[in-house]
Amino acid sequence: MTAVDTRKFQAIFAGAQGSQKRCIIRGVDIKKIYRMGANETHALRGATLDIFAGEYLSIMGPSGSGKSTLFNMIGGLGKPSSGKVYIDQVDIAHLDPDELAWLRCRKIGYIFQSFNLIQVMTCIENVMLPMSFAGLNSEEAREKAMYILKLVGLDERPLHKPAELSGGQQQRCAIARALANSPEIVLADEPTANLDTHTGEEMIELMANLRDQLGVTIISATHDLKMLKRSDRILWIEDGRICKITTPEEMKIQINEVQ
Amino acid sequence: MVSQIQNQVRLPLSVALEVVLQGIRIRLGRSIVTLMGIVLGIAFLMSILTTQSLREGVKEETNTRAELDRMLSFLVVETGPVLNRTLGVIQVGPANSLEQRFIRRLQKEKVRGLNWTRIGTAPVTAGFPAGSTPQVDLNSVGKDAAAVIVIGEGALPAGLDINAVLGEARQKVVALTRRTHQAGTTSASVVLLERKPRPDEIQQLAVEAQRNHFRTIWIIVISLLVTVIGICNAMLMSVTERFREIGTMKCLGALSYFIRQQFFIEASLMGVVGSLIGILFGAIFTTIAFGSTYGMELTLSSLNLLELGGYGFFSLIAGVILSIVAAIYPANFASKMVPATALRSNV
Numbered sequence: 009m010t011a012v013d014t015r016k017f018q019a020i021f022a023g024a025q026g027s028q029k030r031c032i033i034r035g036v037d038i039k040k041i042y043r044m045g046a047n048e049t050h051a052l053r054g055a056t057l058d059i060f061a062g063e064y065l066s067i068m069g070p071s072g073s074g075k076s077t078l079f080n081m082i083g084g085l086g087k088p089s090s091g092k093v094y095i096d097q098v099d100i101a102h103l104d105p106d107e108l109a110w111l112r113c114r115k116i117g118y119i120f121q122s123f124n125l126i127q128v129m130t131c132i133e134n135v136m137l138p139m140s141f142a143g144l145n146s147e148e149a150r151e152k153a154m155y156i157l158k159l160v161g162l163d164e165r166p167l168h169k170p171a172e173l174s175g176g177q178q179q180r181c182a183i184a185r186a187l188a189n190s191p192e193i194v195l196a197d198e199p200t201a202n203l204d205t206h207t208g209e210e211m212i213e214l215m216a217n218l219r220d221q222l223g224v225t226i227i228s229a230t231h232d233l234k235m236l237k238r239s240d241r242i243l244w245i246e247d248g249r250i251c252k253i254t255t256p257e258e259m260k261i262q263i264n265e266v267q
Numbered sequence: 016m017v018s019q020i021q022n023q024v025r026l027p028l029s030v031a032l033e034v035v036l037q038g039i040r041i042r043l044g045r046s047i048v049t050l051m052g053i054v055l056g057i058a059f060l061m062s063i064l065t066t067q068s069l070r071e072g073v074k075e076e077t078n079t080r081a082e083l084d085r086m087l088s089f090l091v092v093e094t095g096p097v098l099n100r101t102l103g104v105i106q107v108g109p110a111n112s113l114e115q116r117f118i119r120r121l122q123k124e125k126v127r128g129l130n131w132t133r134i135g136t137a138p139v140t141a142g143f144p145a146g147s148t149p150q151v152d153l154n155s156v157g158k159d160a161a162a163v164i165v166i167g168e169g170a171l172p173a174g175l176d177i178n179a180v181l182g183e184a185r186q187k188v189v190a191l192t193r194r195t196h197q198a199g200t201t202s203a204s205v206v207l208l209e210r211k212p213r214p215d216e217i218q219q220l221a222v223e224a225q226r227n228h229f230r231t232i233w234i235i236v237i238s239l240l241v242t243v244i245g246i247c248n249a250m251l252m253s254v255t256e257r258f259r260e261i262g263t264m265k266c267l268g269a270l271s272y273f274i275r276q277q278f279f280i281e282a283s284l285m286g287v288v289g290s291l292i293g294i295l296f297g298a299i300f301t302t303i304a305f306g307s308t309y310g311m312e313l314t315l316s317s318l319n320l321l322e323l324g325g326y327g328f329f330s331l332i333a334g335v336i337l338s339i340v341a342a343i344y345p346a347n348f349a350s351k352m353v354p355a356t357a358l359r360s361n362v
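Chains as they are written, first to last, in the numbering used here: chain A, 9 to 267; chain B, 16 to 362.
Worth flagging that the hints you see were computed from the coordinates, not collected in a lab.
The beta-carbon is built from N, C-alpha and C at its ideal position, and this holds for glycine as well.
Incorrect hints may appear among the rest.
[Claimed, not checked] According to the in silico footprint, chain B covers these stretches of chain A (three or more CB under 8 angstroms from chain B):
| id | region |
| --- | --- |
| 1 | 95-107 |
| 2 | 139-153 |
| 3 | 218-228 |
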């Protein structure tokens, strides 16, 4: 591997840093109805929320609460049945598939519960894949990928296949891939669910640090209480409705009350 | 700040090709199964075509050999055994393959020599007559000959005195390979070696060829349908296997066309490699099978390499097109998948 000129890349995430109160995702009365034949499932019954640039937001909710649906809507993976989703002030309902792909490629990074690394590619190739989708040539992509792998602490094993890495290392690789095109938003779907407690804590620490360093907005669906501790805000969803938005401090008080 | 949403970059073919090649390398087992489907289908197609070509070839070769035997026997009736005899050959025009083979056949009968001459514009056929008999002039063609054989397209010159040609001949026999040669009036015995097939014989051959033709087409269509369905099935399996991978790629910004492209590239690659293997396999296997039935010598001399090459090319094109056709449905199926599939962990 060639030596990476870190200075060259230090500015790449600068665009994401700015006023802390800039609204990066806004959802207005989002409703989503799934139709299965004659059955109608109301997955979301009107969710309104603002997500600010640079914050660490956790979405909590029991399974079937509409958590995944909300997650898909604000991540540009699906369109709501009614209501509006604005990502960086653009109404995604008006985007065609090409523009949605562009949005997913450059604005949003995805981290999955089961890592979803492409098994046929090496670690660095996985990180380079979104870059090549963004039109970067392979030389630039390789250099940038090495820089990001260094950020997540995986720069020593860039040529290993995912199957040769531990769970924690795979998730680090997936985080690096999510950051590949310097997105403003990182969506993490239960990123610690497939990891042991210790590794899970490491991942949470890593994501929180990345948020501090790079100023990316992190939105994570989770059950992990440790994850909640590091978040700025926690969004509780039940029966397709957002029932409350709290801070970890309020959470702690509540838990103490219960105890 | 309102961000500028743009259209996603279209990736060059080489990126998709690279992904496909890596995919094939990793999923070698499944790729080989898909490949075998194409190999078997094309081998079957090629074997049918080769069979057809060989069957006709063998029939033709057998007929030719019988015809040569008959021509020889007609000649021998007039001349007696040609062993150690000299024969005169007058070539009046381009010799057809039957005539060429007849001359070679005579040489095989161990004639002492051929006095060979060309008349007028008769072209020199490469390597003919075999054994490089020196060319003599017309007057010495008949010298010491047991018979003078006229070959080639056209007629003997009108002014030619056949009696003079036969002046020094041992036996006064003129053999004509064609009706058109016109020996004219002569005291020598004239043998016509050509035989005209009877009309009903020709008609029967045509009917039989027609029947064979339809049966062959029917078998080919069925076998190719089976191949297409087989490849399509294998491809669908490979789509299902890669559900999460495809979903992930879409989440990372891959366009539908990129996914579709991957499947078409994979299908074309498989089509080319599978067809080439299938063509070799089918042709060689059929030739060996024919060889064990009719004898290797007869089979190999009936091989029409040019025709087989044409059939091979046809099979290659058919294999590639069929693979691509078979990939249409799986590729569309894969490209229409929603990116959210990647989030589902149970797939």
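Going through the hints against the structure:
Taking a C-beta to C-beta cut-off of 8 angstroms, the region 95-107 of chain A contributes 7 residues in contact with chain B, enough for the three needed, and the coverage statement holds. Counting residues of the region 139-153 of chain A whose beta carbon lies closer than 8 angstroms to any beta carbon of chain B gives 4, which meets the minimum of three for the stated coverage. Coverage of a stretch by a chain is defined here by at least three residues with a beta carbon nearer than 8 angstroms to that chain's beta carbons; for the region 218-228 of chain A and chain B the count is 0, and the condition is violated.
Going through the hint list in order, the structure does not satisfy hint 3, though it satisfies all others.
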